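Each chain, written out:
Number of protein chains: 2
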Amino acid sequence: MPELRKDAIIGRWVIISTNRGKRPSDFGATIEEKRGGFCPFCETHEATTPPEIFAYRASGTAPNSPGWTLRVVPNKFPALQIEGDLDKVGDGMFDKMSGIGAHEVFIESPLHDMTIPKMALPDLEKLFWGFRERVLDLKKDRRFKYIMLFKNYGSAAGASLEHPHSQLIALPVVPLVVQQEMQGAKAYYDYKDRCVFCDILHQEKSAGIRVISENDDFFALSPYAPRFPFETWIVPRQHSSVFENATNAHFANLAKALQDTITRLDKVLQDPPYNFIIHNAPLQEEHDVPYYHWHIEIIPKLTKVAGFEWGTGFYINPTPPEDATKFLREVDLS
Amino acid sequence: MPELRKDAIIGRWVIISTNRGKRPSDFGATIEEKRGGFCPFCETHEATTPPEIFAYRASGTAPNSPGWTLRVVPNKFPALQIEGDLDKVGDGMFDKMSGIGAHEVFIESPLHDMTIPKMALPDLEKLFWGFRERVLDLKKDRRFKYIMLFKNYGSAAGASLEHPHSQLIALPVVPLVVQQEMQGAKAYYDYKDRCVFCDILHQEKSAGIRVISENDDFFALSPYAPRFPFETWIVPRQHSSVFENATNAHFANLAKALQDTITRLDKVLQDPPYNFIIHNAPLQEEHDVPYYHWHIEIIPKLTKVAGFEWGTGFYINPTPPEDATKFLREVDLS
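So the sequences go chain by chain: A and B.
So in the working numbering, spot 161 of the first sequence is number 161, and the numbers just go up one at a time.
So in the working numbering, spot 5 of the second sequence is number 5, and the numbers just go up one at a time.
No wet-lab data here; the hints were simulated from the structure.
Among the hints, erroneous ones may be present.
Within a straight-line C-alpha distance of at most 30 Å, the following computed DSS-like cross-link-like pairs (lysine-lysine) qualify [claimed, not checked]:
#	chain 1	residue 1	chain 2	residue 2
1	A	Lys-88	B	Lys-326
2	A	Lys-186	B	Lys-326
3	A	Lys-145	A	Lys-186
Computed from a predicted structure; not experimentally measured.
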């Protein structure tokens with residue numbers, strides 16, 4: 001059973017996962033070696049994943065058989081496990097609880113070589129529909145406090161399989177960065193009586209030097225103080241703190257915005273490894289709160305200069321966001 | 001001139017450095033290519049670094065000539081620059097200031113292939129002497145609020161040169177993780193009237209399952225909630241919040257503790273890339289404060305699964321610290 005443990009100084013919860021590789025010699029094995037040529041996510045290989053939780057599939061096709069366009073399955077090597085009680089206990093001066101949670105994989109396409117720039121927009125929209133379905137289902141479980149939705153693309157960004165997929169982790173605690181974001185946004189709202197993200201959109205629209213693209217519902221922009229070169233945020237025009245409250249019409253424009261952004265990053269940076277993370281309000285926030293604004297943060301993984309930043313929370317970014325915006329904006333999309 | 005910019009939501013300051021590589025094509029160049037066979041840090045190559053700030057050298061030898069054992073030079077590609085005013089200004093709703101600071105390199109040995117496990121202990125002690133000298137000098141400059149001391153070892157951990165070296169960055173702001181550590185430690189002290197690190201040492205001594213080694217002045221331990229496999233902390237027995245107040249006798253035992261720990265990590269993990277970071281109180285804290293306890297955090301860089309953790313502050317660690325302790329403790333050091 002994995003365990004959640006709390007750092008006694010900063011209050012950061014971490015998962016100590018005993019289901020995954022753990023012996024010193026295991027760290028030598030690279031992702032490439034693990035792949036070994038066979039892809040468990042490809043169409044006709046449905047039996048090699050745990051049984052599907054959810055899928056969009058041609059009518060008349062049976063679960064766990066071909067005919068799907070999006071398939072959601074439990075992670076075969078989950079960081080957390082769904083059954084059990086939280087068992088919150090002290091461990092001397094420390095705090096821990098059972099590693100209860102959900103860890104699901106969204107197989108984005110039956111085709112091994114599909115990428116976001118190549119996807120048909122209706123299929124990419126359905127990825128967001130699928131995220132919404134699973135969040136709406138999992139948030140009924142009152143043990144969960146936060147649901148993370150993210151994609152690791154490329155082995156340098158942490159992907160362990162090539163086949164296009166993204167992930168969901170439902171947690172019984174709120175991650176530290178999310179807590180900080182909520183506190184920071186709340187402090188701004190208490191002081192200004194306005195949402196900090198709405199204010200950023202307002203300012204960036206008139207400044208014009210960090211807006212990469214826009215459509216009816218979304219802005220893609222380089223944040224003012226990015227941690228990483230070419231870090232890009234996709235922010236909805238309309239205020240909402242809750243990702244899963246978005247409509248299909250919004251998701252259609254979100255799919256366009258994400259495809260447009262990843263295509264630009266691909267052209268400028270030659271198919272870089274990247275992570276995208278949906279920043280959403282914690283589940284306890286019952287209603288749409290006025291101070292937080294959901295959005296997507298995309299981080300291309302361009303430099304190895306990393307371990308140090310982990311330890312300090314301090315970032316040196318060699319690319320000014322105004323320069324990144326310019327490169328991304330000038331891409332020839334034809 | 002580099003710029004310090006503040007994230008409007010979380011309040012994180014980042015350096016937007018324009019002195020370093022920044023065009024999209026620059027990210028392709030790896031560290032190996034930059035090396036090109038010539039090492040600017042080797043003995044007799046003194047002229048290829050900026051003039052030395054400080055050195056331990058044989059009596060009678062001139063600055064910037066052979067004869068040194070430790071040499072401190074400005075970073076040739078500094079993230080921050082020493083001359084100028086802070087010029088704190090608003091940028092619409094955002095905040096920025098000039099990238100004022102110091103960025104120094106500690107060349108730990110004249111020998112290219114020296115490593116911490118192979119170093120003579122008196123030479124390793126002098127590295128700490130050197131850190132202390134530079135901190136004591138730089139803290140006179142009232143523009144600086146924090147000094148980071150760290151080492152990147154191996155290209156996966158962010159080292160851009162092989163020759164053994166560590167770094168100092170003096171900052172006009174306090175990094176976010178340091179702020180959090182200070183706040184967390186202060187909250188614990190306010191509640192318990194004891195230092196959280198002293199309490200951790202007390203508990204770990206009796207629990208015994210996360211102590212890797214100890215000597216008269218230092219403990220090496222696996223933290224209770226480590227973010228990374230084999231993360232190891234070296235914590236002084238005696239309470240002090242200020243690294244640079246340590247005596248030569250303490251540094252002698254610190255050198256022993258660090259060499260012992262890195263040797264163990266080397267043997268268990270086969271010469272892993274790693275970072276060590278000295279966690280020290282901010283410079284504004286004039287006196288030794290009762291709630292904070294300086295220490296060293298060592299992070300071996302074993303997994304690529306990283307970009308996602310950057311974005312969320314959420315960590316999945318496949319190696320329980322009790323297992324890591326066992327592996328490290330059982331190393332045959334003979």
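Report the numbers of all earlier hints that the structure fails to satisfy, in ascending order.
2
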